[in-house]
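A.B. asks: Given chain A, put chain B in place with the hints provided.
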Amino acid sequence: AQSVSQHNHHVILSEAASLELGCNYSYGGTVNLFWYVQYPGQHLQLLLKYFSGDPLVKGIKGFEAEFIKSKFSFNLRKPSVQWSDTAEYFCAVTGQGGKLIFGQGTELSVKP
Amino acid sequence: EAQVTQNPRYLITVTGKKLTVTCSQNMNHEYMSWYRQDPGLGLRQIYYSMNVEVTDKGDVPEGYKVSRKEKRNFPLILESPSPNQTSLYFCASSSRPPRSADTQYFGPGTRLTVL
Numbered sequence: 001a002q003s004v005s006q007h008n009h010h011v012i013l014s015e016a017a018s019l020e021l022g023c024n025y026s027y028g029g030t031v032n033l034f035w036y037v038q039y040p041g042q043h044l045q046l047l048l049k050y051f052s053g054d055p056l057v058k059g060i061k062g063f064e065a066e067f068i069k070s071k072f073s074f075n076l077r078k079p080s081v082q083w084s085d086t087a088e089y090f091c092a093v094t095g096q097g098g099k100l101i102f103g104q105g106t107e108l109s110v111k112p
Numbered sequence: 001e002a003q004v005t006q007n008p009r010y011l012i013t014v015t016g017k018k019l020t021v022t023c024s025q026n027m028n029h030e031y032m033s034w035y036r037q038d039p040g041l042g043l044r045q046i047y048y049s050m051n052v053e054v055t056d057k058g059d060v061p062e063g064y065k066v067s068r069k070e071k072r073n074f075p076l077i078l079e080s081p082s083p084n085q086t087s088l089y090f091c092a093s094s095s096r097p098p099r100s101a102d103t104q105y106f107g108p109g110t111r112l113t114v115l
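From first to last, the protein sequence lines stand for chains A and B.
Just so it is clear: in the first sequence, position 87 is 87 by the working numbering, and no numbers are missing.
Just so it is clear: in the second sequence, position 67 is 67 by the working numbering, and no numbers are missing.
Next up, chain A with everything else stripped away, as it sits in the complex (with noise of 0.2 Å):
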């Protein structure tokens, strides 16, 4: 079954650390990556996608990941984050069919 690995459950960085979340998905065919975040007491919402092109996309606050096909990897990237980053990530890739699949979610604590 497809799968999305994100090894990072809770992370910790004070205010203007560099961070690194990690995504590893299993499906070897054609995907399109997602990365949505949830702030406290807010809807999930879209923070950057991959479909197609060059593989480093940029999203919005500054935020940006880079796809590595060979590695099944997306990992999220931010040079230097803010205690208004606090919020939970999520890696998602598209399965078969119409599905989406969610990784477990990294939980992100920006201490000021």
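To be clear, the hints were calculated from the coordinates, so they are not data collected in a lab.
Keep in mind that this is a model prediction, so the values were computed, not measured.
Do not take every clue at face value.
[What the hints assert, rightly or not] Sample of chain A residues at the chain B side, in silico, Cβ under 7 Å:
{"no.": "1", "residue": "His43"}
{"no.": "2", "residue": "Leu44"}
{"no.": "3", "residue": "Leu46"}
{"no.": "4", "residue": "Leu48"}
{"no.": "5", "residue": "Phe51"}
{"no.": "6", "residue": "Thr94"}
{"no.": "7", "residue": "Gln96"}
{"no.": "8", "residue": "Gly98"}
{"no.": "9", "residue": "Phe102"}
{"no.": "10", "residue": "Gly103"}
{"no.": "11", "residue": "Gln104"}
[To be verified] Have a look at the derived ranges for each label pair, beta carbon to beta carbon:
{"no.": "12", "chain 1": "A", "residue 1": "Lys69", "chain 2": "B", "residue 2": "Leu11", "range": "39 to 45 Å"}
{"no.": "13", "chain 1": "B", "residue 1": "Thr20", "chain 2": "A", "residue 2": "Ser5", "range": "20 to 26 Å"}
{"no.": "14", "chain 1": "B", "residue 1": "Thr20", "chain 2": "A", "residue 2": "Gln2", "range": "28 to 34 Å"}
{"no.": "15", "chain 1": "A", "residue 1": "Ser80", "chain 2": "B", "residue 2": "Arg9", "range": "34 to 40 Å"}
Glycine is no exception: its CB is placed at the ideal position from the N, C-alpha and C atoms.
C.D. replies: Chain B in isolation, oriented as in the chain A frame:
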């Protein structure tokens, strides 16, 4: 305002008592989906619908039913709820299926407790 709405937002019920969680979107989206979110497991897809009268199983469909009689509505039905269905449920919609890379718009969530 473009949105996905869910009702109720909170529900406490007892084992075996049938319940329905409604989901409605006002964006004329073709694709709709239900997920459950559990600690340490992330979001898991229950059912999805590519269009009216077209539904299919996600990864965890057992114990759930759905229907898509109208484009805007996609109710989730628990015929005989059990305690292991205690969870946070999200409905989502998009113009086209995920393989088209369209953004999913999520509802606010329904927190269900089954005693």
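A.B. asks: The structure should be examined with respect to each hint, and the outcome stated for every one.
C.D. replies: Hint check results:
Taken as an interface hint, histidine 43 of chain A checks out: its beta carbon lies about 5 Å from the nearest beta carbon of chain B, inside 7 Å. At about 4 Å, the closest approach between the beta carbon of leucine 44 of chain A and any beta carbon in chain B falls short of 7 Å, and the interface hint on this residue holds. This hint holds: leucine 46 of chain A has a C-beta 5 Å from the nearest C-beta of chain B, less than the 7 Å allowed. The closest approach between the C-beta of leucine 48 of chain A and any C-beta of chain B is roughly 10 Å, which is over the 7 Å cut-off, so the hint fails.
Annotation: phenylalanine 51 of chain A was flagged as interfacial toward chain B, and the flag holds, the nearest CB pair being 4 Å apart, inside 7 Å. For threonine 94 of chain A, the interface hint holds, since its Cβ comes within 7 Å of a Cβ in chain B; the closest pair sits about 4 Å apart. Given hint, glutamine 96 of chain A at the interface with chain B, is violated; its Cβ is 9 Å from that chain's nearest Cβ, farther than 7 Å. Given the 7 Å rule on beta carbons, the hint for glycine 98 of chain A holds: about 4 Å separates it from the nearest Cβ of chain B.
For phenylalanine 102 of chain A, the suggested interface contact is upheld, since its CB lies about 4 Å from the closest CB of chain B, less than 7 Å. The interface hint given for glycine 103 of chain A is met, as the beta carbon of that residue sits about 5 Å from the closest beta carbon of chain B, less than 7 Å. The closest approach between the C-beta of glutamine 104 of chain A and any C-beta of chain B is roughly 4 Å, which is under the 7 Å cut-off, so the hint is satisfied. Take lysine 69 of chain A and leucine 11 of chain B: their Cβ atoms lie about 43 Å apart, and the range 39 to 45 Å holds.
In this structure the hint that threonine 20 of chain B and serine 5 of chain A lie 20 to 26 Å apart at CB is violated, the actual value being about 34 Å. Taking the beta carbon of each, threonine 20 of chain B and glutamine 2 of chain A are about 29 Å apart, inside 28 to 34 Å as hinted. Against the hinted window of 34 to 40 Å, the Cβ-Cβ separation of serine 80 of chain A and arginine 9 of chain B comes to about 36 Å, which satisfies the hint.
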